[in-house]
Amino acid sequence: MTRVIELYGRLKESGERVELELPAGTTAAAALQLLGQKLGRGVEGAVLASESAVLGADEVIPESQRLAALPPVCGG
Amino acid sequence: MITKSPIDLNALIAAVAAPGHGGQASFVGVVRDEHEGKRVESVTYEAFEPLAEKVLNEIVAQAGANHGAKVVAAHRVGRLKVGEASVAIVAASPHRAEAFAACREVIEEIKKRVPVWKKEHYADGTESWLEGCKLAASH
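Line by line, the protein sequences give chains A and B. Number 36 in our numbering belongs to position 36 of the first sequence; there are no gaps in the numbering. Number 1086 in our numbering belongs to position 86 of the second sequence; there are no gaps in the numbering.
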């Protein structure tokens, strides 16, 4: 299914969001790899997150929440 | 809380005040005018807000439990000028040591765990996103 991935931090240099075709059962690591290919840039250090959690590499992408690609953070 | 409005430090102090709290400690992070030799004019902060709000609440609750303190914190988003507060934390406890410790714990955890980023805008017209800590999985 087509999912919207919101982009944050330095990844915003590639746009606010991107659409990816993610089959059911896609893991966060696989989705990040597809994201890097779509953007044509490295996404090292980035993680995928839902509205409620940062996803582990082997976690399956949840179907019903917003998804975001989050580069290393620097709040404060 | 994550807020687009200027941080009201007095409101945060009032939120933790209690007759049994003999110590209040606060930390305020402000926009600095220099970074690695470049003159900074302003900084844009952005957050993945639903997760940032959740994680910030968890950090505040954990620090309060760890130190027996009442804790509040606010992180600003949007474009801030030099000298404006980007983050503020206030902790109150019966004695000062716990309030200082809770305050310190919250700012250190914010820097590691809250999905917030900043883009610096320089006097020479250039700008740059900064990066710090890779987020760890929640589970």
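Be careful, since some hints might not be right.
Below, a list of computed lysine to aspartate or glutamate pairs in the EDC-like style, where the Cα atoms sit at most 16 Å apart [stated by the list, open to error]:
1. B:K1119 x A:E13
2. A:K12 x B:E1058
3. B:K1081 x B:E1109
4. A:K12 x B:E1131
5. B:K1119 x A:E16
6. B:K1134 x A:E44
7. B:K1112 x B:E1053
8. B:K1111 x B:E1058
9. B:K1054 x A:E63
10. A:K12 x B:E1053
11. B:K1119 x B:E1109
Hints are computed from structural coordinates only; laboratory data are not their basis.
We went through each hint and held it up to the structure:
Annotation: proposed proximity of K1119 of chain B to E13 of chain A holds, straight-line Cα distance about 11 Å (limit 16 Å). As the CA atoms of K12 of chain A and E1058 of chain B are separated by approximately 27 Å, the hinted pair breaks the 16 Å bound. Of the supplied pair hints, the one linking K1081 of chain B and E1109 of chain B is violated, its CA atoms being roughly 24 Å apart against a limit of 16 Å. A hinted pair counts as satisfied when its Cα atoms are at most 16 Å apart, and K12 of chain A with E1131 of chain B qualifies at roughly 13 Å.
Distance check on the hinted pair: K1119 of chain B and E16 of chain A sit about 15 Å apart at the alpha-carbon level, within 16 Å; holds. Restraint check for K1134 of chain B and E44 of chain A: satisfied, since their Cα atoms lie roughly 9 Å apart, inside the 16 Å limit. Of the supplied pair hints, the one linking K1112 of chain B and E1053 of chain B holds, its CA atoms being roughly 14 Å apart against a limit of 16 Å. Restraint check for K1111 of chain B and E1058 of chain B: the C-alpha separation of about 14 Å stays at or below 16 Å, so the hint holds.
The straight-line distance between the Cα atoms of K1054 of chain B and E63 of chain A is roughly 20 Å, outside the 16 Å bound, and the hint therefore fails. Only pairs whose Cα atoms come within 16 Å are accepted, and K12 of chain A paired with E1053 of chain B is rejected, the gap being roughly 21 Å. Between the alpha carbons of K1119 of chain B and E1109 of chain B the distance comes to roughly 20 Å, so the proposed pair goes past 16 Å and is violated.
Consistency note: the structure conflicts with the earlier hints numbered 2, 3, 9, 10 and 11.
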